[in-house]
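K.L.:
Here's the letter readout for the chains.
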Amino acid sequence: METADIRKLLKQVYDPELGINIIDLGLVYEIRNEDGDVYIRMTLTTPGCPMHDTIAGGAERLLRRQPGIRSVKVDVVWDPPWSPDKMSEEAKTRLGF
Amino acid sequence: MFLLPFLFIATGLVSFALFNITTLLQFAGWITHQPRSPAGWFHVHLLVLGWATMIAMGAVYQLIRVVLQKDVFSRTLGYVHYVLYTVGTAGLLVGFAAGQAQWIAIFATLAWIGIVLFVVNITLTLIQAAEWNLITLSTSCALLFLFLTGLIGLLMGLNFAFQWWPAWHERLFYTHIWMGTIGWFGLLITGFSYKMLPMFYLSHGVSNRTSYVVLFLWNAAVFTGAVAFLTAAPIPAVRAAVGLLTLAVYAYNMHITRIRNARHKKSPGAGVLAAVYSARALAVISTVALACTLFAPERVMDERAIVIIVWAYLWGWVALTILGYLSKIVPFLWWTHKYGPHVGKGNIPTMADLLKDRCVAYGLAAIAASLVVQIVSLGLNNMVWTQWSGVALSLFSLFYVCMIAKVFTR
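Residue numbers (the working numbering), protein chains in the order written: chain F, 1 to 97; chain E, 1 to 410.
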């Protein structure tokens, strides 16, 4: 599976409070797929985000169910910290900015 | 961890419903009567211990894990705390309603042991995490004042029963109220707001400097007030405490304005907006209280004036903030429990689907409007309007709490 396809899949994982997917929020920093071993480096909008386990776990569960994916590792990092300018224009519009 | 915060929050919601039902059954009559009476004690403690403190404890169990990304020190201790505190509070309320001094003594002790277990559990959690920031520092101070409020309440009860130092009864009474309302609720709400407000406004890059000033001033106000009441100091000491608190509230409001200015989300939701507006209202309430100490010092310790100020503080800020935050805390708790494990497995509702923001806005606006009428009526000593607005306040509150509880069915 191409990283572009994984990126597209991850659009199904939403921040349940904001109602915006993690790709449009700019939370996913890196996607790698090495022969079915997928590595995701991502962040959350704030350290100590209440949705830490739900969002990271959701991304992992979603990818594990895909054919051709053997293992999934999701790393939640705080460096570089997330900032609002990482959001897509669509996300900004939905948040009223 | 779902069950522990859920137990506290669900019990708190039931207590709030009970408070409003008992008020409605009396056509809000107890509000117009002498506050230092069995009915007054019953209702105030049902609101403060059965509802506000119960919800606050549930929120601590839920949010401390979020803030520290670590589980609470002991869940078992948390359940023991729940049982002791709930049984203690329920017995204490029956004791107040029946005017049974022995019941009050036994169950107040049980409730206080519950509080001690809570304080120990959260303190050990904080020590283990060793992550000292504004939120954890503010929570620690709030816990200290909760412990002292309970201790002073117990001392007051024993002193009343055994008449050890009759002259100290009033001193302990005012210190108990001051530490509980300003110390425990004040520092917990401001502390949690440093997390909640930026999170829901999606604010970034706001300096914490002002909030450290709030923490310092707020603690100074609690300490000065406690010393003033315990030593029966003259009015200037009380004025200093109220002045420090007013400064703290202004600084808190400044910090909120900075968070709002740095927001990246147009609306944080009606519940969070209610918390913001009630903080603005608190600035007005504290300014009025300070003006009273300056221009009408002879009325400061007048029972009626105290009832109005405490009622405005408890309902206008503490209750409205808790009710507002509940509209976020309850959907989060339920959504994480029910839908969290299904993320990435198909279509699931968002949190906004569990509770309509428009309904929250209408509910909170109706509660705030009836509260304003009630406070004005109390100020004008108009008992008919006080009762009617009390009925409206309880009706709207009951509607609101049912709406929040309905989230658990979605």
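By construction, these hints were calculated from the structure, which means they are not laboratory data. Virtual Cβ for every residue (Gly too), placed ideally from N, Cα, C. Check each hint, because a few of them may be wrong.
Stated by the list, open to error - Here's a subset of chain F near chain E, in silico, CB distances under 10 Å, partners left out:
id: 1; residue: Pro16
id: 2; residue: Arg64
id: 3; residue: Asp79
id: 4; residue: Ser83
What the hints assert, rightly or not - BS3-like, lysine-lysine: derived pairs with alpha carbons at most 27 Å apart:
id: 5; chain 1: E; residue 1: Lys266; chain 2: F; residue 2: Lys92
id: 6; chain 1: F; residue 1: Lys8; chain 2: E; residue 2: Lys345
id: 7; chain 1: E; residue 1: Lys345; chain 2: F; residue 2: Lys86
id: 8; chain 1: F; residue 1: Lys8; chain 2: E; residue 2: Lys338
id: 9; chain 1: E; residue 1: Lys338; chain 2: F; residue 2: Lys11
id: 10; chain 1: E; residue 1: Lys345; chain 2: F; residue 2: Lys73
id: 11; chain 1: F; residue 1: Lys11; chain 2: E; residue 2: Lys406
id: 12; chain 1: E; residue 1: Lys70; chain 2: F; residue 2: Lys92
id: 13; chain 1: E; residue 1: Lys338; chain 2: F; residue 2: Lys86
id: 14; chain 1: E; residue 1: Lys406; chain 2: F; residue 2: Lys86
id: 15; chain 1: E; residue 1: Lys266; chain 2: F; residue 2: Lys73
id: 16; chain 1: E; residue 1: Lys345; chain 2: F; residue 2: Lys11
id: 17; chain 1: F; residue 1: Lys73; chain 2: E; residue 2: Lys70
id: 18; chain 1: E; residue 1: Lys356; chain 2: F; residue 2: Lys11
id: 19; chain 1: F; residue 1: Lys92; chain 2: E; residue 2: Lys356
id: 20; chain 1: F; residue 1: Lys92; chain 2: F; residue 2: Lys8
K.L.:
Run every hint past the structure and note whether it holds.
P.N.:
Structure-based check of all given hints:
Interface restraint check for proline 16 of chain F: the shortest CB-CB distance to chain E comes to about 5 Å, inside 10 Å, so the restraint holds. A distance limit of 10 Å between C-beta atoms decides the matter here; for arginine 64 of chain F the minimum to chain E is near 9 Å, and the interface restraint holds. A distance limit of 10 Å between C-beta atoms decides the matter here; for aspartate 79 of chain F the minimum to chain E is near 15 Å, and the interface restraint is violated. Checking serine 83 of chain F against chain E: minimum C-beta separation of about 6 Å stays under 10 Å; hint holds.
Distance hint between lysine 266 of chain E and lysine 92 of chain F is fulfilled; the C-alpha atoms sit about 10 Å from each other, no more than 27 Å. Pair hint lysine 8 of chain F plus lysine 345 of chain E holds up; C-alpha atoms about 15 Å apart against a cutoff of 27 Å. Restraint check: the Cα-Cα separation between lysine 345 of chain E and lysine 86 of chain F comes to about 26 Å, which is no more than 27 Å; the hinted pair holds. A hinted pair counts as satisfied when its Cα atoms are at most 27 Å apart, and lysine 8 of chain F with lysine 338 of chain E qualifies at roughly 26 Å.
For the given pair, lysine 338 of chain E sits about 21 Å from lysine 11 of chain F by alpha-carbon distance, which is consistent with the 27 Å threshold. Note on lysine 345 of chain E and lysine 73 of chain F: the hinted pairing holds, with a Cα-Cα distance of about 17 Å set against a maximum of 27 Å. For the proposed pair lysine 11 of chain F and lysine 406 of chain E, the alpha carbon gap of about 30 Å is over 27 Å, so the pair is violated. Of the pairs offered as hints, the one joining lysine 70 of chain E and lysine 92 of chain F is violated, with about 32 Å between alpha carbons and a cut-off of 27 Å exceeded.
Of the pairs offered as hints, the one joining lysine 338 of chain E and lysine 86 of chain F is violated, with about 30 Å between alpha carbons and a cut-off of 27 Å exceeded. Note on lysine 406 of chain E and lysine 86 of chain F: the hinted pairing is violated, with a Cα-Cα distance of about 36 Å set against a maximum of 27 Å. Under the criterion of a C-alpha separation no larger than 27 Å, the hint pairing lysine 266 of chain E with lysine 73 of chain F is inconsistent with the structure, at around 34 Å. A C-alpha spacing of about 12 Å is found between lysine 345 of chain E and lysine 11 of chain F, which places the hinted pair at or below 27 Å, so the restraint holds.
Our distance criterion of 27 Å between C-alpha atoms is met by lysine 73 of chain F and lysine 70 of chain E, whose separation comes to about 21 Å. Between lysine 356 of chain E and lysine 11 of chain F the CA atoms are separated by roughly 24 Å; this keeps the pair inside 27 Å, and the hint holds. Straight-line distance between C-alpha atoms of lysine 92 of chain F and lysine 356 of chain E comes to about 22 Å, which keeps the hinted pair within the 27 Å bound. A C-alpha spacing of about 19 Å is found between lysine 92 of chain F and lysine 8 of chain F, which places the hinted pair at or below 27 Å, so the restraint holds.
In this structure, the hints that do not hold are numbers 3, 11, 12, 13, 14 and 15, in rising order.
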